[in-house]
Amino acid sequence: MSEKPVKGERRVFMTGNEVCAWAALAAEADIMYGYPITPQTDIMQYWTRLAPKYGRKFLQTEDEISAGFTTVGGVIAGKRAFSATTGPGNTLFQEPMSMAEMMRIPTVVIIPQRGGPSTATVIYSQQEVTMTTYGGNGEGFRIVYSTAGHQDLYDYTIKAFNTAWKYRFPTFVLGDGYQAKMREPLTIYDPAERGIKMVKTEPLVGLPGTPGIHRPAQYLRNTYNTEEELYDVVMEIARDYEKAASEIIEWQDFDTDAEMDVLILAHGVVSRSAQGALPLLKDEGIRAGHFRPVTLRPMPEEQMRRAAAKAKRILVVESAYGQFLKLVKQSLYGMDKPIDTLLRPGAGVTAEEIVDRIKEGR
Amino acid sequence: MAIRIVLAGEGGQGVQVVANILAESANAEGKEVIYIPNFGVEQRGGVSIAFVQIDDKRIGSPKFPKADIVVALSNRAVNRTLQYVDERTTFIYDDSLVAAAEIDERAMGIQAVEADPRSQRTTELIDESKVKDQVQLPDNAANIIGIPANDIAKNELHPRVFNIIILGTLLKATAVVPLDRIKEAIEAKLGAKFDKNPALRDLNYKALDKGMSLVERLV
Numbered sequence: 001m002s003e004k005p006v007k008g009e010r011r012v013f014m015t016g017n018e019v020c021a022w023a024a025l026a027a028e029a030d031i032m033y034g035y036p037i038t039p040q041t042d043i044m045q046y047w048t049r050l051a052p053k054y055g056r057k058f059l060q061t062e063d064e065i066s067a068g069f070t071t072v073g074g075v076i077a078g079k080r081a082f083s084a085t086t087g088p089g090n091t092l093f094q095e096p097m098s099m100a101e102m103m104r105i106p107t108v109v110i111i112p113q114r115g116g117p118s119t120a121t122v123i124y125s126q127q128e129v130t131m132t133t134y135g136g137n138g139e140g141f142r143i144v145y146s147t148a149g150h151q152d153l154y155d156y157t158i159k160a161f162n163t164a165w166k167y168r169f170p171t172f173v174l175g176d177g178y179q180a181k182m183r184e185p186l187t188i189y190d191p192a193e194r195g196i197k198m199v200k201t202e203p204l205v206g207l208p209g210t211p212g213i214h215r216p217a218q219y220l221r222n223t224y225n226t227e228e229e230l231y232d233v234v235m236e237i238a239r240d241y242e243k244a245a246s247e248i249i250e251w252q253d254f255d256t257d258a259e260m261d262v263l264i265l266a267h268g269v270v271s272r273s274a275q276g277a278l279p280l281l282k283d284e285g286i287r288a289g290h291f292r293p294v295t296l297r298p299m300p301e302e303q304m305r306r307a308a309a310k311a312k313r314i315l316v317v318e319s320a321y322g323q324f325l326k327l328v329k330q331s332l333y334g335m336d337k338p339i340d341t342l343l344r345p346g347a348g349v350t351a352e353e354i355v356d357r358i359k360e361g362r
Numbered sequence: 001m002a003i004r005i006v007l008a009g010e011g012g013q014g015v016q017v018v019a020n021i022l023a024e025s026a027n028a029e030g031k032e033v034i035y036i037p038n039f040g041v042e043q044r045g046g047v048s049i050a051f052v053q054i055d056d057k058r059i060g061s062p063k064f065p066k067a068d069i070v071v072a073l074s075n076r077a078v079n080r081t082l083q084y085v086d087e088r089t090t091f092i093y094d095d096s097l098v099a100a101a102e103i104d105e106r107a108m109g110i111q112a113v114e115a116d117p118r119s120q121r122t123t124e125l126i127d128e129s130k131v132k133d134q135v136q137l138p139d140n141a142a143n144i145i146g147i148p149a150n151d152i153a154k155n156e157l158h159p160r161v162f163n164i165i166i167l168g169t170l171l172k173a174t175a176v177v178p179l180d181r182i183k184e185a186i187e188a189k190l191g192a193k194f195d196k197n198p199a200l201r202d203l204n205y206k207a208l209d210k211g212m213s214l215v216e217r218l219v
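Residue numbers (my numbering), protein chains in the order written: chain A, 1 to 362; chain B, 1 to 219.
In short, the hints are calculated from the structure, not lab data. Possibly wrong hints are sitting among the right ones.
[Stated by the list, open to error] With beta-carbon atoms standing in for the labels, derived distance ranges:
| # | chain 1 | residue 1 | chain 2 | residue 2 | range |
| --- | --- | --- | --- | --- | --- |
| 1 | A | Arg194 | B | Asp195 | 35 to 41 angstroms |
| 2 | A | Arg10 | B | Asp209 | 31 to 37 angstroms |
| 3 | B | Arg58 | A | Glu3 | 28 to 34 angstroms |
| 4 | A | Gly361 | B | Ala2 | 22 to 28 angstroms |
| 5 | A | Gln330 | B | Lys66 | 33 to 39 angstroms |
| 6 | B | Gly12 | A | Thr187 | 49 to 55 angstroms |
| 7 | B | Gln136 | A | Ala258 | 47 to 53 angstroms |
| 8 | B | Glu87 | A | Glu95 | 51 to 57 angstroms |
| 9 | A | Arg194 | B | Lys183 | 52 to 58 angstroms |
| 10 | B | Lys66 | A | Asp63 | 38 to 44 angstroms |
[Said to hold, decoys possible] With a cut-off of at most 20 angstroms between alpha-carbon atoms, the simulated DMTMM-like pairs for lysine to aspartate or glutamate come out as follows:
| # | chain 1 | residue 1 | chain 2 | residue 2 |
| --- | --- | --- | --- | --- |
| 11 | B | Lys66 | A | Asp42 |
| 12 | B | Lys31 | B | Asp55 |
| 13 | B | Lys57 | A | Asp257 |
| 14 | B | Lys57 | A | Glu352 |
| 15 | B | Lys66 | A | Glu353 |
| 16 | A | Lys4 | A | Asp253 |
| 17 | B | Lys57 | A | Asp253 |
| 18 | B | Lys210 | B | Glu184 |
| 19 | B | Lys66 | A | Glu9 |
| 20 | A | Lys310 | A | Glu352 |
| 21 | B | Lys57 | A | Asp283 |
| 22 | B | Lys31 | A | Glu9 |
Built from N, CA and C at the ideal position, the CB exists for glycine as well.
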């Protein structure tokens, strides 16, 4: 067995893309499949530089459809396989990821979101929320972690492999172009030294023994003949998903214990702007709190509702034109709370802009 | 204390190297740092711009509306960075590269509206070919400082250490990291080259000193 890539704990200063490559190494990922697209390409570049030193593999495919399917194939072969894509590449990934939902394939895909629709910008956005949570012709049986910075990228890339393999759902680390390209300090560590045990992987086909005699038969199917057959399968996935949801959901809340004039709802890197806005709002005499869902799928609905119940108004802030807002409305359905918005598709949001929006709304 | 810096220039001026060394050394000093290089679809020919934030506590949004210090190293860089300037900003530009307009073009615009456009043509007032290459400096900055870094590099040192002069200027202006940390970061980046050619080390440190001598501490 080759040497561990990360030993002990180390403070480092690197780009988010490099962080993802190190995290995948530390998580004992066996292979990355990928097709280049900005701002994701550096993950592949760092991986291809680092992976051979630790006996890990890489395959560049001819496009993203193929990158997605080869990732599915790698997992079926029992490998801790992952990929990374964004924007139009994420669009093409929806076909293989639907298959992963149906066949319960624990793929891991890192998505540093870029601007949309279409080619748009290679810079930054939060416009791949709908596609990553509910894309493809499926029911959104996926797990999506929305990261807010480099420590998150490291922690949740490692965690994504374990969540995927434990619950057997395709799992996504949803970042953005800022996080991909910027450099900031973080601590990288050997997961084992922090008591994080990597969930064991195993092949999903070609198991030893005779099916039906030595072991149950493996039915890896994404094609069904009758409505009833499909209905039973999808309902079983839905039940498994809902059962697992309470164990998977993660969130953070800030100043949400007391009554609030306004509760800011934001995810990902925009959550940092919301956190930055809180002391500024306090100076203005405005009682504000912030709730950040870390998992967008499954959504920590109860926790969000509990925070919302204590606020007079809600402000939803995102770098998209209402994709997160849609998830919020779905979560807060039936609550009588006015919702204001600060929607900036494809553009960053600063703490100052959030403060201005709240003052303007008063 | 939080310091927000925008650094912009033409590709090849070494703007990202300066931002990188500054960010690395602030990190080594134990500060919180976010450094974002700009990146567009164009591979060549755009204005290169770097955003650096340094703070004692965790930094919020990677983007910021206004900077404490803006450094602009070309006419286009001046235009690109005006949006980050407000009444608290120190605006540093290279006055051997940036041709600052002496006539306020906006004031001229108002005159042109007031005058009868059929009888009054701007060509009669000024030499347009000259104005075309000039750029308006911000009119709302706390300080505007012109430094002849490019001329100094060319005439006194070496054109290649132009960006190290800028680094020295930034270091002095912000006092955000000690000189030793900057030197460590430079050694980490260029140490191998220095070992092959020790004269380079001397040249770079001279450029750093020169840059530091051009301004006072501002933040």
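Each hint tested on the structure:
1. For arginine 194 (chain A) and aspartate 195 (chain B), the hinted distance range of 35 to 41 angstroms is satisfied, since their beta carbons lie about 39 angstroms from each other.
2. Separated by about 33 angstroms at the C-beta atoms, arginine 10 (chain A) and aspartate 209 (chain B) satisfy the suggested range of 31 to 37 angstroms.
3. As the Cβ distance of arginine 58 (chain B) to glutamate 3 (chain A) is approximately 33 angstroms, the hint placing it in 28 to 34 angstroms holds.
4. A hinted range of 22 to 28 angstroms holds for the C-beta pair glycine 361 (chain A) and alanine 2 (chain B), which are about 26 angstroms apart.
5. A hinted range of 33 to 39 angstroms for the beta carbons of glutamine 330 (chain A) and lysine 66 (chain B) is consistent with their spacing of about 37 angstroms.
6. Between glycine 12 (chain B) and threonine 187 (chain A) the beta carbon distance is about 35 angstroms. The supplied range of 49 to 55 angstroms is therefore violated.
7. The hinted range of 47 to 53 angstroms is satisfied by glutamine 136 (chain B) and alanine 258 (chain A), whose Cβ atoms lie roughly 49 angstroms apart.
8. The hinted window of 51 to 57 angstroms between glutamate 87 (chain B) and glutamate 95 (chain A) holds, with their beta carbons roughly 53 angstroms apart.
9. At roughly 35 angstroms, the beta-carbon separation of arginine 194 (chain A) and lysine 183 (chain B) lies outside the given 52 to 58 angstroms, and the hint is violated.
10. Remark: the range hint 38 to 44 angstroms for lysine 66 (chain B) to aspartate 63 (chain A) is upheld by a beta-carbon distance near 43 angstroms.
11. In summary, the hint linking lysine 66 (chain B) to aspartate 42 (chain A) is not supported, as the alpha carbons are separated by about 29 angstroms, beyond the 20 angstroms threshold.
12. At most 20 angstroms may separate the alpha-carbon atoms for a hinted pair to count; lysine 31 (chain B) and aspartate 55 (chain B) meet this at roughly 6 angstroms.
13. A distance of roughly 23 angstroms separates the Cα atoms of lysine 57 (chain B) and aspartate 257 (chain A); the hinted pair therefore is violated under the 20 angstroms criterion.
14. Distance restraint check for lysine 57 (chain B) and glutamate 352 (chain A): the Cα-Cα separation of roughly 17 angstroms lies within the 20 angstroms cut-off, and the hinted pair is therefore satisfied.
15. For the given pair, lysine 66 (chain B) sits about 12 angstroms from glutamate 353 (chain A) by alpha-carbon distance, which is consistent with the 20 angstroms threshold.
16. Between lysine 4 (chain A) and aspartate 253 (chain A) the CA atoms are separated by roughly 35 angstroms; this puts the pair beyond 20 angstroms, and the hint is violated.
17. Our distance criterion of 20 angstroms between C-alpha atoms is met by lysine 57 (chain B) and aspartate 253 (chain A), whose separation comes to about 19 angstroms.
18. The hinted pair formed by lysine 210 (chain B) and glutamate 184 (chain B) meets the criterion: a straight-line CA distance of about 18 angstroms does not exceed 20 angstroms.
19. With a C-alpha separation of about 36 angstroms, the suggested pair lysine 66 (chain B) and glutamate 9 (chain A) falls outside the 20 angstroms cut-off, and the hint is violated.
20. Restraint check for lysine 310 (chain A) and glutamate 352 (chain A): not satisfied, since their Cα atoms lie roughly 24 angstroms apart, outside the 20 angstroms limit.
21. For the suggested pair lysine 57 (chain B) and aspartate 283 (chain A), the alpha carbons sit about 18 angstroms apart, so the restraint of at most 20 angstroms is met.
22. Our distance criterion of 20 angstroms between C-alpha atoms is met by lysine 31 (chain B) and glutamate 9 (chain A), whose separation comes to about 18 angstroms.
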